[in-house]
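Below are the chains, spelled out letter by letter.
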Amino acid sequence: MNNQADTQWVDLLHVAKEIRRSVQPVRPSAGFQSHLRSDLATALGAERRDLPLEVYAQRQVTPAVVLAGCLGLAAVSVALILLRGHSARQ
Amino acid sequence: MSTSESDDILIRRAQENPAAFEPLYERYVAQVYAYAYYRVGNVQDAEDITARTFYQALTHLSRYTNRGVPFSAWLFRIAHNLVSNWHRDNGRRQTYPLDIVLDTPDPSASLAERAEVNEETRRLWAVIRTLPPERQQLLVLKFVDELSTEQIAVIMGRSEGAVKALLHRTLVAIRHQLTQVAQGEHV
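Chains as they are written, first to last, in my numbering: chain F, 1 to 90; chain H, 91 to 277.
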C-alpha cells in the first residue's frame, strides 16, 4: 500500500517537473512595454484634463476671494494715504 | 527586490501622484504578461490583457487599500477577470497556439531530441488546456509566475490547504489524461 502511495507521489512529482520544464520564460517585447508606458502616461494626462467639477469649482473666483481682494486693496490704500500724510508733515 | 522599496510605499506615492505609478508598472508588467500569455496562448491577446490590467489598476488605484490582499494579488485578480472575459468571448475557440512554449531552449539538442521534447510539451499543454479554468489558473500561477501557495491562495480567494488540495487533484488528472493519451497512441 505504501509502495503504491509512494509511486503515486513520484508520478505526481514527475508531472510537476514536466510542467516546470515545459515552461519557457516569456517577456513582453520592449516595443510593447514602451508603448504601454507611453499610453499610460497619456491616460494620466487625459485624467488630469478631466478633473472633477468640484476641483474646478475650487479654482473659480468665489465671493470670499473677491471680498479678501477688496479688503487687501483697501488696506494697501490706507497704508499709502498714511505714508503720504506722514511724509507731507516732514 | 528586497533592497527596493516596498509595494506599500510605491502605492502611497502613486496614490498621491499618479505619475509615480511607473515603478509599480515596471515591477509587475512581465509577470502579468506571462500570466496572460499562458492563459490565452497568443501574444496579441496577452498584450491586450496586460494593457487593460494596468489601465484598470491605474484608474482604480486611489481606491486600493491593502486589506489582506497585496497589490500583486490585486493586479492578478484584475488580469484573471480579463482572462475570464476573454475565454467567455472566445468560448468556442478552444484550440489556440502556444508558440513560444514549443520552442525548445536547448540549441545543443539534436533535431530528433528537439522534436521529441516539443511533442511531449505539446501533448502536456494540450492536456492542460482541457482542464477547468481555475485549474489552468492555478498551474500558471504556480509554474509560470512561480508564486507561493500563500500568494496563490490570496489571488484565488481560497485557503492554502484548498490550493494544495486543488494542485494535487490537478496533477492527478493530468497524469491520468497523459496515461490515456499514451495508451491511445500505442493501440
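Keep in mind that the hints were calculated from the coordinates and are not lab data. Please note: incorrect hints may appear among the correct ones.
[What the hints assert, rightly or not] One side only, chain F facing chain H, incomplete, derived with CB under 10 Å:
hint, residue
1, Val-15
2, Cys-70
3, Arg-84
[Unchecked claim] Here are some of the chain H residues that sit facing chain F, going by a computed Cβ distance under 7 Å:
hint, residue
4, Pro-108
5, Ala-110
6, Ala-120
7, Tyr-123
8, Ala-124
9, Tyr-127
10, Glu-137
11, Trp-164
12, Thr-211
13, Leu-214
14, Val-217
15, Leu-261
16, Ile-264
17, Arg-265
A virtual CB, placed ideally from N, CA and C, is assigned to each residue, including glycine.
Each hint tested on the structure:
For Val-15 of chain F, the suggested interface contact is upheld, since its CB lies about 5 Å from the closest CB of chain H, less than 10 Å. Hint on Cys-70 of chain F is violated. Least Cβ distance to chain H is approximately 36 Å, over the 10 Å limit. Taken as an interface hint, Arg-84 of chain F does not check out: its beta carbon lies about 49 Å from the nearest beta carbon of chain H, beyond 10 Å. Checking Pro-108 of chain H against chain F: minimum C-beta separation of about 5 Å stays under 7 Å; hint holds.
A cut of 7 Å between beta carbons decides the hint on Ala-110 of chain H: the least distance to chain F is about 10 Å, and the hint is violated. The interface hint given for Ala-120 of chain H holds, since its Cβ lies 5 Å from the closest Cβ of chain F, which is under the 7 Å cut-off. The beta carbon of Tyr-123 of chain H comes within 4 Å of a beta carbon in chain F, closer than 7 Å, and the hint placing it at the interface holds. Here the hint on Ala-124 of chain H is kept, as its CB sits about 5 Å from the closest CB of chain F, short of 7 Å.
At its closest, the beta carbon of Tyr-127 of chain H sits 5 Å from a beta carbon of chain F; the interface hint therefore holds under the 7 Å criterion. Hint status for Glu-137 of chain H: holds, given a least beta-carbon distance of 5 Å to chain F, under 7 Å. Hint status for Trp-164 of chain H: violated, given a least beta-carbon distance of 17 Å to chain F, over 7 Å. Residue-level restraint check for Thr-211 of chain H holds (minimum Cβ-Cβ distance to chain F is 4 Å; threshold 7 Å).
Taken as an interface hint, Leu-214 of chain H checks out: its beta carbon lies about 6 Å from the nearest beta carbon of chain F, inside 7 Å. A hinted interface residue such as Val-217 of chain H counts as satisfied when its beta carbon comes closer than 7 Å to some beta carbon of chain F; here the least separation is about 10 Å, so the hint is violated. Nearest Cβ of chain F to the Cβ of Leu-261 of chain H: about 4 Å, under the 7 Å cut. The hint holds. This hint holds: Ile-264 of chain H has a C-beta 5 Å from the nearest C-beta of chain F, less than the 7 Å allowed.
Of the supplied interface hints, the one on Arg-265 of chain H holds, with its beta-carbon coming within about 5 Å of a beta-carbon of chain F, less than 7 Å.
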